[in-house]
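Engineer: Listed here are the chains, written in short residue letters.
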Amino acid sequence: MSVKKLSKESLLNWVDEIISTKKKVYGVQKHKDKTDRFEFAPLDSTADLRLDYDVTVLPPKKYFQPPTETLVAFDLKGGYKAACDTEKFIVIGIHPYDMIAINQMDELFQKDNYDSHYMTRRNNATIIACDVATASKDIFASSMKTATVKKGYDILLTDIGNGYVAEAATKKGQLLLDKAKTEKASDADIKARQAVWENNEKNLNKHPLNCQPSEVSELLEKAYNHPVWEEKAKTCFSCGSCNQVCPTCYCFNVHDDMNWDLKSGDRKRTWDGCLLDGFTKVAPDHEFRAKKSDRFRHRLYRKGKYVPSKIGGQIACVGCGRCIGACLPDIANPVKVYNRLLEDTSAVKK
Amino acid sequence: MCECCGQDKDIYLPQLATVNKARMMNGTELYLNLSMDAEPLDYKPGQFVEVSIPGFGEAPISISSSPTQKGYFELVVRKIGNVTSMIHKLKIGDKIGIRGPFGNGCYPIEEAKGKNLVFICGGIGLVPQRSFINYVLDNRSDYGNITVLLGTKCHTQRFFHSELRQWSQRSDIRLLETVDEKDDCWQGNVGVVTTLIPKIESELGSAFTFICGPPVMYKFVIMALAEENVSRDRIFVNLERKMKCGVGKCGHCQINNFYVCVDGPVFRCSELAVAPEAI
Amino acid sequence: MNKPRVAVFDFACCEGCQLQIVNLEEQILDLIGAVNVVEWREAMSEQSHEYDIAIIEGSITRPEDEEKLWLIRSRAKILIALGACATLGGINKLKNNFDLNDVKKCVYGKDASKPHLYTELTKAVDEVVEVDYKIHGCPIEAKEFISIIRSLLIGKKPEIPEYPVCVECKAKGNPCLWEYGQLCLGPIIRAGCNARCPSAGHRCYGCRGYINKPNVEAAKDVIEKYGLSVEDLKSKMVLFGSRQDNTL
Ligand SMILES: Cc1cc2nc3c(=O)[nH]c(=O)nc-3n(C[C@H](O)[C@H](O)[C@H](O)COP(=O)(O)OP(=O)(O)OC[C@H]3O[C@@H](n4cnc5c(N)ncnc54)[C@H](O)[C@@H]3O)c2cc1C
Ligand code: SF4
Ligand code: SF4
Ligand code: SF4
Ligand code: SF4
Ligand code: SF4
Ligand code: FES
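Protein chains in written order, with the working numbering: chain A, 961 to 1310; chain B, 91 to 369; chain C, 602 to 849.
Just so you know, not all the hints are guaranteed correct.
[Said to hold, decoys possible] Distance windows between CB atoms, simulated:
no., chain 1, residue 1, chain 2, residue 2, range
1, A, LYS1151, B, ASP132, 57 to 63 Å
2, B, SER175, A, GLY1039, 20 to 26 Å
3, B, SER175, A, GLU1247, 17 to 23 Å
4, B, ASN194, A, GLU1178, 25 to 31 Å
5, C, ASN795, B, ILE170, 25 to 31 Å
6, A, THR995, B, LYS179, 52 to 58 Å
7, C, TYR827, A, ASP976, 41 to 47 Å
8, C, VAL623, B, SER175, 32 to 38 Å
9, B, GLY204, A, GLU1161, 56 to 62 Å
[To be verified] Anything over 10 Å on all C-beta distances counts as not near chain B; from chain C, calculated:
no., residue
10, ASN603
11, CYS615
12, GLU616
13, ASN624
14, ILE633
15, ASP653
16, THR662
17, ARG663
18, PRO664
19, GLU665
20, ARG674
21, LEU722
22, VAL729
23, GLU763
24, TYR781
It should be emphasised that the hints constitute simulated quantities derived from the structure, not laboratory data. Built from N, CA and C at the ideal position, the CB exists for glycine as well.
The following block holds chain A by itself, in its conformation from the complex (with noise of 0.2 Å):
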């Protein structure tokens, strides 16, 4: 598929018209209450889009696992329906880090067992990403090699200054793309992107990784028993804000709910942590992790060495650095985890 340009007037006209006629179109966005910060909202209206955005509040996981949804409707005559989310939807905005998340979703919730309440959310969705444009405070993209990406979008834009370039990689973002004026792009087009992803992928780096990421397990196998997860949990607040923030999170509690006749009603999921408190406790009183340093190390054994696993070894944590700006004691931070095992591998090895 061709690689087209689109002046900044063609990208707003175009952008009005995928509002007019799309029925669910978000975007990015100011904070509805606190104008300095960034969030994915419906999108009312083209002149509230923010494509030089840094970093939104929360990552664009809750438009395919909401915070809350419904999984199955039950009534007690003994039926249970499956509840399906069919609404086809539009994100613009999505940044390659939080893009790769998704990737990284994806797999996991086709893995084993297909989850069909992802992955039709998924499949509704239409995701015009955006190559970053401002460094948010806690980036870390560049460590993570998610300063750039080549796959999961249906249409790129990135901003050359005089411009967009967009490529179009699938044919629903192909027909959308039709629908702006745009030019073919000229070499120096293609040059300057090249540039702007040259750029992101040495400078969206606030909190360098002084190895590969995909190092990282290898690193983590030697470290289950380090000093330093007693030390950071000291004081955690088991508040779950990391889990909550980040991209790619995704574990969740189910509970039902019964409507005012008693007799129907919904079992839904919503977001857990596997920070909180609670998290792994069993009938009639007995709690697996129970230790909040334990609860600490899993979070970051779970981005670093188990997820991984399962997905051909990208690691799962995107640098985008919510975590950071979102835990009080400022203990979440992966990268300085990381770089402090490093510099004291050999005084962990067994």
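The hints should help you fit chains B and C with the ligands onto chain A, whose structure is shown.
Structural biologist: Here is chains B and C with the ligands on its own, set in the frame of chain A:
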């Protein structure tokens, strides 16, 4: 097939089953005999199902019957919380939702052929083990000696009374029982289940051993088996963890790199060397 | 099925929680359809049968209230404490932990020395009788109230959150108030209010009480890190934290 996603199966959608038999086995354990209304349950010893009660939720429950018995399957449920209390109210003819069978880590049916088998059960841990025990009894010539060690808290909590009596009368299976708390009505062994292990020393040479019981039990039984030189690749544990989905998504049952619901619930102990959280 | 008989009693409180129930609007009809609400007088009369659910609002401040409460407990199959006054002792409870004069000044300002403000030690309901369930909050969260009542109506033990307010706050996509200089108690306070205050731009002041294992030491660290002081917190905020074991 689902019209909207094109998938044949929604992994969260329970299928209906009918209660054929329901009776209390003691003060806390309910025996259920069920049949799926549509397709029969195609399961292996060691697998479990998610039992669904509308408005209350789901509970993972081991299948206690052997797949050699066709047309029905059996569960034993201890009343402990919301879902299990409702399961206890089920009566013959009632409908219930079932998802599964789940779990890829099952009993090593093929590998154990020709071997002596030792089952070490703590209380309700007998329930999943019974599936494989009865499977082996139904394919008796394929396997070596069978020994079942069963430890119960007190004799009033024993269940499957007539089946246990049959086993103790048969010559091709050996059952040793013990209770933790002695009282006048109990003539047999007293002490925790590990105290039975030295008594079957001669069986343990090349035997495959299977452990299932409350979380605290595993460590001690494995230690006792180690003393008898049973290597870890011949010890199998049936693990329990909190479960919400049963299909490897929700994260609750994870122990290090494993999901108990997908990779277990039966694990070979030597494979758990990389999972310090397991035991 | 007979409709369960529900009796509501209020002790020392502002009745704000009852107001939340009255404000349920259309759902109040569903509620009244599902239960049989018995009057205060009927419920307390000699010939009254036992009631299925007693809902207690408010904290216990007088000896005669304690006697009433014992009677209620003996007649109720399920006893629920409703609202922060009943679950925690509410605002009044402050005085049990801090210097009484300071507290009076904090709560009542210059009226602190007025004689009518003297009472016995305030007790939460569970300090007087056994409580089956607590519906937290000041005022309570109508949605949670409904879901707890519906659970009880089908004979299910309600699931009351053990995790902190931050979980709900984050799920709603709120930026954290600490980054805007507000000292929010979210990380150590029990959720269930759908992060009511932070979502409206106000810090959580802890009306639902602590989670089971609040990391109070970490909270002190964080307060310092953000250049605030624990004293700020004591004087302004932990109105509801005071009856619990670890207090800031
Ligand atoms: C693989 C496996 C097999 C099991 N087999 C049996 C069996 O054959 N017979 C039997 O009586 N019990 C069995 N259990 C334990 C049984 O699942 C729990 O007792 C049951 O889930 C408690 O649910 P509840 O709603 O009654 O309790 P609540 O305390 O109300 O639990 C609420 C929810 O938490 C989760 N949960 C709580 N405790 C457990 C637990 N121990 N294990 C897993 N999830 C839990 C469940 O999702 C449950 O619905 C098994 C557990 C596992 C993991
Ligand atoms: S672990 Fe932190 S930095 Fe990594 S993806 Fe999750 S939120 Fe982003
Ligand atoms: S690491 Fe930080 S964000 Fe995560 S649970 Fe602990 S305190 Fe909360
Ligand atoms: S809990 Fe709050 S709102 Fe409810 S009665 Fe007490 S003071 Fe009023
Ligand atoms: S504003 Fe309060 S409740 Fe929300 S995340 Fe921050 S500390 Fe937690
Ligand atoms: S945010 Fe805090 S103070 Fe506000 S209602 Fe919730 S628990 Fe109470
Ligand atoms: S029960 Fe959900 S992942 Fe195992």
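Engineer: For each hint given before, does the structure comply? Return the numbers of the non-compliant ones in rising order.
Structural biologist: none
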